[in-house]
Amino acid sequence: MSSHATTDTGHDAHHDDHHHDPGFIRKWIFSTDHKIIGLQYGITALLFLAFGFYLMMVMRWSIAYPHQPLPEWMSWVFTDGWKARWLQDGKVTGETYNMFGAMHGTIMVFLGIVPLGFGAFGNYVTPLQIGAPDMAFPRLNMASYWIYLLGGLIMCGSFFLESGSAKSGWTNYSPLAGFADGQIVNQWLAGQTQWLVGLVFLITSSLLGSVNFITTIINLRVRGMTWMRMPFFVWAMLVTAFLLLLAFPPLEAAGIMQLMDRVAHSSFFMPSGLFTKSEGLADLSGGGSPLLFQHLFWFLGHPEVYVLLLPAFACVAEIIPANTRKPLWGYKSMVYSVLALGFLSFVVWAHHMYMTGMGAAVSTFFQTTTVLISVPSVVIITALLISLWGGSIRFTPPMMWACAFIPMFGIGGLTGLPLAFNLADLHLHDTYYVIGHFHYVVAPGILFGFFAGILHWYPKFTGRYMSKTLNHLHFWPSLVCMNLIFFPMLVQGMAGFHRRWYNGGDAYLEKAADGVNVFGQTVAQHIDLNIIMSMGAWTLALFQIPFIINLFTAWKVGKKVENDNPWNATTLEWATPTPPGHGNFLKEPVTYRGPYEYSREDCEDDFLPQWSAPRRLDPAIAPGGTESKPVAHS
Amino acid sequence: MEIPYLVTPRKDTGLFNSKIAIWLFLASEVMLFGGFFSAYVFLRLGADYPWPERTLPVLPGLINTFVLIGSSVTVVFAWASLKLRNWRNFQIYMGITVFCAVVFMVFKGIEYNVKFHHQAVRLKDYTVIEGHLGYEKEGEQYVLDHKGNRVEENLIFIEASKLTFNTVRFHKPWVDELLGQAEHRKAKIVLAEDVSAVTEEGKAPTVIAKAGELFSNDLLGRIQKEHLAARSHNGQERTDALRAEWVKAKADNPGKKGWQIASTVNIDAAALAPKLLTEISTVSFNVEPATKFEFKPRDIKEADGQSRLRDDTVVDGKLLASPMVFHHVDAIDFQHLAMKAEAKGLDPMQAIENSWLIQNSPFAKAAWTWHKGEVAKLEKKLLDGYGLGDDKKPRRVPTHKEMYRIGWKDLGAKAESEGGVKLSWMDKTKEEFLGPNYDARGEATFPGFSVPREQVGFAAKFTPAWNTYYALYFTMTGLHGLHVIGGALVLAYYLFFGRKMYLENPEWLANRVEIGGLFWHFVDLVWIFVFPIFYLM
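Chains A and B are the protein sequences, given in the same order. The first sequence begins at 1 in the working numbering and counts up by one. The second sequence begins at 1 in the working numbering and counts up by one.
Note that these hints are calculated values from the structure, not bench results. Heads up, the beta-carbon is just placed ideally off N, CA and C, and yes, glycines get one too. Mixed in with the good hints there might be a few duds.
Unchecked claim - Pairwise CB distance ranges, derived in the manner of DEER restraints:
id	chain 1	residue 1	chain 2	residue 2	range
1	B	Leu84	A	Ser333	45 to 55 angstroms
2	B	Thr164	A	Thr356	34 to 44 angstroms
3	B	Gly385	A	Ala360	39 to 49 angstroms
4	B	Val58	A	Ala360	36 to 46 angstroms
5	A	Met74	B	Ser161	46 to 56 angstroms
6	A	Asp602	B	Glu2	34 to 44 angstroms
7	B	Leu489	A	Thr469	31 to 41 angstroms
8	A	Asp80	B	Lys292	38 to 48 angstroms
Given the sequences, and given the hints that come with them, work out the whole structure.
Below, the structure is given as structure tokens:
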């Protein structure tokens, strides 16, 4: 192995036949290279995440201090005109809160986490790990990114419309969402409609992406890369792609139907005899079903949770073996679990709908499947945990995040169990307990996994390490703040705090608690947690600054990597030059063994990369026969 | 490294890249249309109105079915021709395929067009009347509006004397529309009184617009600009004032929590007043003289005296009688009424006799009497044909639709039985395609009728708005139509621009046509499901 990092600058003979400088625009903006597209996805997604975070900071102000004007360190972002329209004497109004809430959820899920996990990590790492020169359809890949960006901009652009952006929650339930912004004459210029239009773009983007991923994984695996030699990362991406491919279209159907309800005044989701304060008796035919929307939405909505989660699992599953110097424990059971997880995630959707009155039989069915799906999740998280056992753990920056991922995701997962049972859910439904549960999964869980991934692969795409000091400054406060924000939510939720109170329950304190004002007592007990949580959120924002600095400065001033495989890892992405050029590999690699051959006693180092050819005189082939000649297939 | 398996299949999977991709794409499409088919089942099973069964003319749909199946065959021939390296045959077969797609879309367009002009109204007692609207029939001509369009809309008329606009929310196209209507009827819209406002802090008010100024988008825009500037300024002032109050309140109440002192923290309005600018949130115009304006029902909440448009414009004036005037009525449908009556435990026949329509329209009464006779004949025929069952009841009885709906075919049969016009073979065929043929059958079969506004429950053209059946019909066939157009464009591209690739790499072109053909088969398959659920079931 070379002791210096190689760079692919195009002088290599292999590339001579199409060596040309593509120019800045072709190289960085309209690139068809999966690695550049991955970076584009990553940067865009991080920007959207920051924006979604900002919306949440404003909401947290409204919850903690509902009667006080938004302070200038948050409100300077808005123009005076915007503030005059959406803030009342500087205070956040209920309508504005709803708008921010709906968009926070939408942005974080559809524009932040999915593009970061699937779009960025998936795009960058998957082709490298299977030894492919690029995605199967590079131009489709580019289209996928641009359509995603367009969809995101359409959604977020609606903040500047007279109607404001969507405001019916990220779930966009009809008939509420069907009526919202009804006063706008040209419905195409209503935020609620643009949300749907943006959504159709996002679904198109993820359709192109998932088709591309699956084709790439099926057909572009390099010689010797059999199914069971694929890194867990690739398996997770394969399942994620299938979830996107099959779960998103029913939501697209629902989105189109809701769009028809809005612009063509149909009644897909509008029941007969609908009466609202603003519209009176609706001038609609009626005869539709609000429940239908919920079914179609959650048919996507639940698999979507695994679309968020699996890429984080994927990152952590790569980082743990590389830093414990020990094979991933139970690779095969993890693979089968992830497949089971993918399948089961299609039959649990209605556990979001226990309160809709679907009927006991239906609820029981979905309760059963929901409890079932926790089995493969627990198998995976347990395998990751056991992988630490007996390893010689190196606490590298990515490893710190990966280690924090396990307990944080654990809390998120376990707090989900009471929600799976419809008896317990009757009490917890729509409370802050639910918010606490899924934010534990997504924020300190999935996001920590992604931070780990960024730190882990950063040396590959820049040739430099990120700063350890800045990482400490980022990691420890983040870990503390995350728990400060989300743990009190579980407490408040059990006390009955509703997730959509824009004033944090303050309204229940105006009158003494009595038989009518049943919340008065519990609200008074727990309302002060609001301030702790909000302080936590703003502090968390502050401590993301070291990460941002680290991300951009390490590019130029970070410590240079010593060779192409700085973590001494085994998977194929570390066989490429640093950073990999267009076409990825200098010479087509061959895979000789499984992905996690660490702690090998039969070689100089403690690991055997997948691409390292077996030497005839090596003392022994590993017991269990994972070593083999490449499987010929082409 | 080049991307492998673009043209040749990989050995162990047996597939080239794009073939995997198209199957995945089709799987996704199955889920998309699956979502719609599920919605169809869900909405049909849960419908609280009589689901329109076999309501569309079958012939155009049936022809389209065969056209599409035919094109699926020819696209395979086109692919086979490429495999045999026969460019001429490829051109012929692909040409036929694309031509079939065009025929399909033309038929579709005709079907859509007929429905977009066909009006339906559900009265408050759930009687449904179908036909065509036409206002103020003058001679044989329809009345034209100020843009020269034929008026066949459901409209509400108001004799307006004053219009008050919300300076933020007014809708520019509506302003132009109101101007057009006023001009058409030779009226003027002028500013009611001077608009003056404080536009700079501490200064005296200035006049922005003078009374009598003519109404226009420009004038409203000018006032809007001042209003928005004032709103921004005032918002900032009020925010600063409230911040100051909070600082003071916190200093005065150490140790108290925000929510405990919130009710005591208020802006001192008197102290703030001199700093504020004038916000002109509404502006009024007089209509001279008071003139009739027409509005679409969806745009206005009408009332005698003061009505309000969707963009918050207030219209002062007298609500005029705004009946829905049918040029022709081509169906009278009591199914919904009967369903509601049965749900209440009433006798549906009696409920129909008592309905407003039977009470007020001699034609409807005559048609219903005649229809009852036809139903009795049908009952007898079914009894003679199928006899009694084991429970001593007839094995077959007329369906709900046969009993309670007097469709255009029934009205035609009634007119013929009473010595009315008999249609030629050509005219009959036309009817099979397009529905009722007014020109040939005339007034006697499909008379005009006027429905007073207060009887109207819900009215719509036969668009997605009319009911969930039509909503599904238009959405699903529309989406299918988009797939037909998309597929045809791709196939046409191979046909007209494929020659170069054929000469360079014919196998690659064949692969592409194969992919396109697979998609085309899928589009055909969707239609095979769509056709029966909307046309036959």
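Right, here's what the structure says about each hint:
1. Leu84(B) x Ser333(A): 45 to 55 angstroms: holds, 51 angstroms
2. Thr164(B) x Thr356(A): 34 to 44 angstroms: Since the Cβ atoms of threonine 164(B) and threonine 356(A) sit about 43 angstroms apart, the hinted range of 34 to 44 angstroms holds.
3. Gly385(B) x Ala360(A): 39 to 49 angstroms: holds, 45 angstroms
4. Val58(B) x Ala360(A): 36 to 46 angstroms: Between valine 58(B) and alanine 360(A), where Cβ atoms are some 43 angstroms apart, the hint holds.
5. Met74(A) x Ser161(B): 46 to 56 angstroms: holds, 48 angstroms
6. Asp602(A) x Glu2(B): 34 to 44 angstroms: holds, 36 angstroms
7. Leu489(B) x Thr469(A): 31 to 41 angstroms: Violated: the Cβ-Cβ distance is about 57 angstroms, outside 31 to 41 angstroms.
8. Asp80(A) x Lys292(B): 38 to 48 angstroms: holds, 43 angstroms
In this structure, only the earlier hint numbered 7 is contradicted, and the remaining ones agree with it.
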